[in-house]
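> Counting along the sequence shown from 1, when you hit position 55 you're at 54 in numbering that gives the first Met the number 0, and nothing is skipped either side.
Since the hints were made in silico from the structure, they are not lab data.
From a predicted model like this one, the values you see are computed outputs, not experimental measurements.
Each hint should be verified, as a subset may be incorrect.
As the list claims (entries may be wrong) - In silico DSSO-like pairs for lysine-lysine, Cα to Cα no more than 27 Å straight-line:
1) K158 x K223
2) K158 x K64
3) K98 x K215
4) K223 x K69
5) K41 x K223
6) K69 x K158
7) K41 x K98
8) K215 x K158
9) K215 x K64
10) K98 x K223
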Amino acid sequence: MDNTFILIVGVVAAIAGVVASVAGFGIGSIVTPVLSLYIDTKLAIAAVSIPHFIGSAIRCWTLRKEIDRKILLSFGVTSAVGGLIGAAIYSWIKSPPLKLIFGIILVFAGTMGVTGSIDKLRFHGLSAWMAGAVSGGLGGLVGNQGGIRSAALLGFDLKKSAFIATATAIGLLVDIVRIPIYLLFQIDSINRVWTFVIVASIGVVVGTIAGMCLLKSIDERVFKRVVSATIIILGGWMLYQAFY
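Given these sequences and hints, build the entire structure.
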């Protein structure tokens with residue numbers, strides 16, 4: 000393995016850990032494309048799910064008192080179910096069309112967040128369950144659920160700590176149901192890239208701890224704009240990948 004590339008993966012994973020602690024997503028979205036430069040994209044998705052789980056577990060434990068349990072038990076549960084279904088069929092779906100659709104959705108949702116239009120959108124009852132199922136399904140298929148999950152969570156009236164805590168708890172649920180699927184189909188391949196998995200995990204831990212400190216300094220009034228801008232960037236990157 001190229002030692003330089005391994006170092007790059009570790010640095011990128013640390014940056015992703017910081018972003019995830021501030022925006023509620025970022026580990027899969029940032030590390031997966033980088034890792035896929037060296038290995039197959041589907042294998043990269045499966046491999047990154049492990050450091051993603053570790054980072055989510057750290058954030059979830061740190062912010063456990065801020066979790067909105069009502070949203071977790073509605074939006075979160077259907078998100079996990081959708082993630083399971085998506086992960087089960089992801090190996091039969093071609094990536095480019097999915098990335099195109101995913102990118103358009105993210106850019107649209109992020110733009111609504113930046114302009115403040117999303118403040119008029121609120122999920123309640125059935126709509127919360129449906130939003131969770133859709134975001135979970137897309138996440139399982141593409142391996143980047145965090146962006147669309149955070150976009151959907153902007154439709155709930157949550158303070159920044161509750162937003163990150165709830166998004167993280169849902170992400171952890173999704174990891175719990177999707178990782179066994181990835182391991183079932185990719186265990187031999189993952190064993191061959193354990194160096195990347197370990198280095199990425201270390202980077203994510205370092206970045207997550209740093210990001211949790213940074214989150215405290217972000218003004219509550221601009222928090223949603225920061226998340227929305229990050230979602231737009233992710234959407235633009237997904238569109239680029241779809242076309243090029």
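> Evaluate each hint against the coordinates.
Checked hints:
no.: 1; hint: K158 x K223; in the structure: 9 Å, holds
no.: 2; hint: K158 x K64; in the structure: 13 Å, holds
no.: 3; hint: K98 x K215; in the structure: 33 Å, violated
no.: 4; hint: K223 x K69; in the structure: 21 Å, holds
no.: 5; hint: K41 x K223; in the structure: 31 Å, violated
no.: 6; hint: K69 x K158; in the structure: 15 Å, holds
no.: 7; hint: K41 x K98; in the structure: 13 Å, holds
no.: 8; hint: K215 x K158; in the structure: 12 Å, holds
no.: 9; hint: K215 x K64; in the structure: 15 Å, holds
no.: 10; hint: K98 x K223; in the structure: 24 Å, holds
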